[in-house]
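Trainee: The primary structure of each chain is shown beneath.
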Amino acid sequence: MRRWRAWAWGALGIVLLAVVWEGYKALGPADGVRIGDTIVLPRTNDLAMPHLWTMVQRAGEPVTSAPGAAPLWSYVLSAAWLSFKVALIGWAIALVVGMLLALLMQRSKIANSALLPWIVLSQTVPLIALAPLVKRWSSAFHIGGFAWADWMSVAVIAAYLAFFPVAVGMVRGLNSPVAAQTDLMRSYGIGWWQTLLRLRLPAAVAYLIPALRLSIAAAVIGTVVAEVSIGMDGGIGRMIIEFAQTGSADPAKQWSPIGGAVLMGLAGAGLVALIGLLLKRYRRAEA
Amino acid sequence: SPTATQPATGSGSGTSGGGATKKVTLQLQWVAQGQFAGYYVAAKKGYYAKEGLDVTIKPAGTDTVPIDVLAAGDADYAISWVPKVLGSIEGGTKVTDVAQIFERSGTTQISFKDKGITTPGDLKGKKVGSWGYGNQWELFAGMQKAGINTDSQISLVQQAFDMNGFLNGDIDAAQAMTYNEYAQVLETINPKTGKLYQPSDLNVINWNTVGTAMLQDAIWANADKLASDKDYQDTTEKFIKASIEGWIYTRDHPQEAADIVAAAGSTLPAGHQLWMVNEVNKLIWPSTGGIGTVQKSSWDQTVDIALHTKDNTGKTIITKDPPSDAYSNVYVEKALAELKSEGADVMGTSFKPITVTLKEGGK
Amino acid sequence: MNPVLRSRLRVVLAPLVFGVLAIALWQWFVTARNIQPYVLPSPSAIWEQFTGSIDIIRDAAITTAKNALLGLLIGTLFGVVCAALAAAIRPIEQMAAPTVVALSVIPIVALAPVLYAMFGAAAQTGRVLVAAIAAFVPVYINALRGLRTVLPIHRDLMRSYAATGWQATRSVTLPGAVPFIFTGIRIASSVAVISALIAEYFGGPLDGLGISITSAVSSSRYSLAWAFVLGSVVIGLLFYCVTYALEALVTRHRA
Amino acid sequence: MTVVVEGVSKVFPGKGSDEVTALSDIDLTVGDGEFVSLIGPSGCGKSTLLRLIADLDSPTGGTLTVFDKTPRQARLDQDYGIAFQQAGLLPWRSVRANVELPLQLHKVAGRKERVNELLEMVGLSDFADRYPDELSGGMQQRVAIARAFAEKPKLLLMDEPFGALDEMTRERMQGELVRLASESGAAVIFVTHSIPEAVFLSDRVVVMSPRPGRIREILSVDLGRGVDRGEGLREDTSFFERVSAVREALHGGAPTGVRGVETR
Amino acid sequence: MTVVVEGVSKVFPGKGSDEVTALSDIDLTVGDGEFVSLIGPSGCGKSTLLRLIADLDSPTGGTLTVFDKTPRQARLDQDYGIAFQQAGLLPWRSVRANVELPLQLHKVAGRKERVNELLEMVGLSDFADRYPDELSGGMQQRVAIARAFAEKPKLLLMDEPFGALDEMTRERMQGELVRLASESGAAVIFVTHSIPEAVFLSDRVVVMSPRPGRIREILSVDLGRGVDRGEGLREDTSFFERVSAVREALHGGAPTGVRGVETR
Ligand SMILES: Nc1ncnc2c1ncn2[C@@H]1O[C@H](COP(=O)(O)OP(=O)(O)OP(=O)(O)O)[C@@H](O)[C@H]1O
Ligand SMILES: Nc1ncnc2c1ncn2[C@@H]1O[C@H](COP(=O)(O)OP(=O)(O)OP(=O)(O)O)[C@@H](O)[C@H]1O
Ligand SMILES: Cc1ncc(C[n+]2csc(CCO)c2C)c(N)n1
Ligand SMILES: [Mg+2]
Ligand SMILES: [Mg+2]
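Chains as they are written, first to last, in the numbering used here: chain A, 6 to 292; chain B, -13 to 349; chain C, 76 to 330; chain D, 497 to 760; chain E, 497 to 760.
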């Protein structure tokens, strides 16, 4: 019942947003509202704000006029699916790296002090600077018949953005058990590994889930940016630059990759919710 | 499906050269589009295969520097503009321009008629669009040649992939490739008339006319390998030959070439694609010294601009003359000789571009 | 040695030692293996470029930092105001929920071109807004949580004082949410910098760190590119440290 | 009468149909200046009863009056001061500002002097400009008590205010409270778990029993008022007698020492 | 001897040069099966002493032995069971699994039976499959105590295990503890704030004073063992006498009832 009400309000919010969009488009000046030279409310012309129905209609039409071209929506959907798979792999890498770092930082205070500032610092390096290097390094990998593909570079870059929340959240989670609990483990004379397994990991779950939510959003964003930067084929990133080239003549088309990206984000959030459900046992305290 | 841009692989039937096929990778400087039609055609039509080459064509992303991919050994050949490469060469990258496919520059600066910008000098005090990425040098050279102080007398605007900034009036004069952005504008409805924008609405500054044009799409090869590796020299010649065959076919069959590019995964609308192929043909044909040969005068003009033009960061592309192996006509001349002996028209003297009518959205 | 002193030393020294070692290893690797700058520029080369082009880097950094700061301020303002509305009226929160989730996953590369079309491609507005949107999400989420976590005892206290809604908001709800808001701002600070920087790709005046990085890369000047990256790291850290210090300041009396 | 509770009951809606009857049919009167303690096992409704009197919650049955008004009116008129087990100080306000809070909200004049007086009263003048996190638990609780006394209420409601303190501090605070209450002439309703505390402080001890919350017995203590209750009292046999009486009432005749299955 | 503490001191490094001397020159022996309580104001080092015995921390001076071994060896040999004020249950484990935890970690055989026995002992058999958040505070504490008894230790260390319980539950638990301890023959070192609790439970009460933590006095209670300590004892004059004696030792001759300025 309350679930439904939340959904209903959420849907109403989206409708409201649509009404505001169209309402402003109808009433606002084509060239936007300016204070001095700065535009403070957006332009309403079709280049800046296409009609919502134009976007929807455009999504139903074929991507290009080439015979047999798929409708735009299905094209976006399969691009989003491809990007999402890459994002998931990046996310998986981020999970492993983030957790390992967290374990290391939990294990050793020195490691914690030494690494944490650099982990924070790592997130101030723009992906666009990193992407070409990663691609470069990865192509140096030629182990046997294994050839590094573009999507792997993209996944690595997505992981670079996504590991941060996991590492930070996980450290906090691993350190969350209260003194009574850690002392108890010590009194049992068990070592770090057993304490980790029996106490710290289960206790960290409650902190891990929100971290995962942030992390998967970061993975999605990282994937798309890296696709653009590296030039990976077939995903939402490539779609953004390709559609931009017809962005002026076919402005509604440019919005569909945004829809695809949002879809990926929502799917990610859904996935995390599912994981949260699976680990419900360890989240009793939250309820 | 969007994954259609599988690396286009020469799957030719007639392997005449005999022996095993040789794997070759070509790094483009952008995504698959008509600009690179010749290579896709050569692959599709089996010209590479005929030379015993198995060519993989790799599109680029925004941050791909083709010449570094080449230098790192991740590609055997790369397509890039000469001014973008000269700096890399001065930085120690050992590459050689082995075939100057585009003889003319496709870069222009376009503006709406009412701005009254007909010469580079008129850009003074205007909001001027620039792509950066090494695409900006002809513009800067042109403005500086007209006596404009590019640090203080214009305001520079970063130009995106689309032409919205130009159409919305944020940019007075925008960079436009004849084969791409210029068409984008002409494919757009003019809200004032309800019809497409017309060429008559626009003023176009063409750097070829101004005299600050620089050499654009060329095939680059690894200089060190060229100097030492006989096999690579051989392959280079074959690669150039097959590529030129592709361009010749493109000249003669623009529509088919456009379709081949689309089949290789380009999502540009068909009309736009055809326009691009046709415009690119104009940059190649008719050829002065045979397609692919570097004209010394054009090279020198490019180098001269690279030595003396400062962009917004206050730096010139290069500070001293490039080494002598920065370009070489040796391989292209051999390739041309072979092609001529096979009866191919490598000059395109009688080339007549087709007429492409642009429709809304490039359809 | 006194363990407290030792822990202080550890906090300062350990990252320094780690950093110095990592940079030394990096330098050694590049020199010994003769790595090309397009594979990995050496720290010394980056530093050389950094000091050599410090004026250009400073100018670029100031432009980007200004956009990021303005964006951070706008994002924070909107974040807090919207959170206040959402906290006061639950349907508003529920209505905003899908939009906020969507905002949090829209890649900057998709958003920026659209904003330039809306707000002008020759102005900094698009960049500021990209930073503002990126900053909005963490501030909104944290502020909302803060406004929602009024201790029951404080609520009872206000009721027992027969305090008006506004009095309760002013004396309990808002001050109670302040640490949460600052946590949000701290998270938003580095995101704002990165976002403002990436947005430079797609329009706006030809200045800033993002454009400088790519234009250096496109002419294979990798050491210079990384000198600009260093500039962005400095800005990012500056933002982080300032917001961190603010957070520490406002939460100093909280248990 | 300070407080009159008649036939009051409180039912909390639980999940589904599991209602919780926190209070059932409670009758209680508290006279002016009287010190009444509520004692009983966890969950017997002590806090609930206090909250009903304070109008922090409303009864599902019966009537309450506070100074012959509705609890709501009494709350709006600021007729009572209240303190909880947690001091509930605002961590961003100094000690002084915390004590000042109710005065400020009600725009009382002469605040500065009154606050100084209150801090003096609880012996925290030297800590006026400190912040709560700089105080010990006992000191925080004293700030909360000063705050409760701020508007010189004729009724003090206290819900286990000393529950979190150690024995020595607790005894000292009990002594202070007895003094303050008798000096100010305020009636006090005091929730506690500690039998000696209830006995030491109160004129009457209300013993409650759970499921549903009822008053089992009301015991008069009659050990004198205010200053009469020195520390010596704690070692007096009359004191031990009352303690034993309350214990017995609490255990309610049920054989003591038996291991019962406790459910919530 | 179960525990021998000789000349033990513990200094914690504070901020800068502000060291905290938590314990100074402590001597204490606890015999086999003896029940010893530690009482004293907050911060006098009760928990610290217990933690040293449990080898959860190490002394800065003096020596400790537990069953004639080092505390470390005793810990590794699982010679003691321990319980804290917070039950410290693992919220993701059922009651049964929580009690089973030490047995599982030490791979003890016949766990299921032992757990049933322990749950029976603390009267929680019906709640074996519930989770901690479904239990009241008192029930949680009983789970923690069952867990401490799991491996039949000859020494039980308890740090205010009943501190969070209400008076009635607390008294019931005290009775149970006395029974369990005497049945199992285990020695107990018990930290508390409550004088009646210490007196009711112990053979000897160790009264400590703070800054620095020292033993002020050790009082023998001599009220009989185990079952002898029925609920009736609490209303016995001999009981009140001991309570008063401990009170006085605690207040350490300082005139009581004086309002002192408390600092931390
Ligand atoms: N807001 C509420 N919603 C539902 N049930 C409640 C609520 N408040 C109290 N109860 C229930 O009412 C009963 C009485 O609670 P109350 O807090 O008054 O007990 P108490 O005597 O103060 O206990 P304690 O000594 O633990 O503080 C309990 O069973 C409790 O679970
Ligand atoms: N880990 C620690 N670091 C620094 N100081 C500590 C530490 N643990 C305890 N102390 C200090 O040692 C002194 C004794 O603390 P301890 O916890 O043993 O007291 P206690 O008697 O158990 O008090 P309480 O009754 O409040 O539990 C206190 O002053 C305390 O602040
Ligand atoms: C960031 C950025 N990267 C590439 C282009 C597109 N572009 C402009 S000129 C040119 C070469 C031939 O088309 C290309 C690829 C752009 N506009 N912006
Ligand atoms: Mg209560
Ligand atoms: Mg303690």
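It cannot be assumed that every hint is accurate.
Below, simulated DSSO-like cross-link-like pairs (lysine-lysine); rule was C-alpha separation at most 27 Å, straight line [stated by the list, open to error]:
#, chain 1, residue 1, chain 2, residue 2
1, B, 338, B, 349
2, A, 30, B, 306
3, B, 80, B, 349
4, D, 608, D, 565
5, B, 301, C, 141
6, A, 30, B, 181
7, B, 268, B, 80
8, E, 608, A, 285
9, B, 306, B, 36
10, B, 320, B, 216
11, B, 320, B, 306
Since the hints were derived computationally from the structure, they do not count as laboratory data.
Trainee: Now tell me if each hint is right for this structure.
Mentor: Going down the list of hints, with the structure as the test:
{"no.": "1", "hint": "B:338 <-> B:349", "in the structure": "holds, 23 Å"}
{"no.": "2", "hint": "A:30 <-> B:306", "in the structure": "violated, 55 Å"}
{"no.": "3", "hint": "B:80 <-> B:349", "in the structure": "violated, 42 Å"}
{"no.": "4", "hint": "D:608 <-> D:565", "in the structure": "violated, 31 Å"}
{"no.": "5", "hint": "B:301 <-> C:141", "in the structure": "holds, 25 Å"}
{"no.": "6", "hint": "A:30 <-> B:181", "in the structure": "holds, 22 Å"}
{"no.": "7", "hint": "B:268 <-> B:80", "in the structure": "violated, 31 Å"}
{"no.": "8", "hint": "E:608 <-> A:285", "in the structure": "holds, 25 Å"}
{"no.": "9", "hint": "B:306 <-> B:36", "in the structure": "violated, 41 Å"}
{"no.": "10", "hint": "B:320 <-> B:216", "in the structure": "holds, 15 Å"}
{"no.": "11", "hint": "B:320 <-> B:306", "in the structure": "violated, 30 Å"}
Of the numbered hints given earlier, the model fails hints 2, 3, 4, 7, 9 and 11; all others are met.
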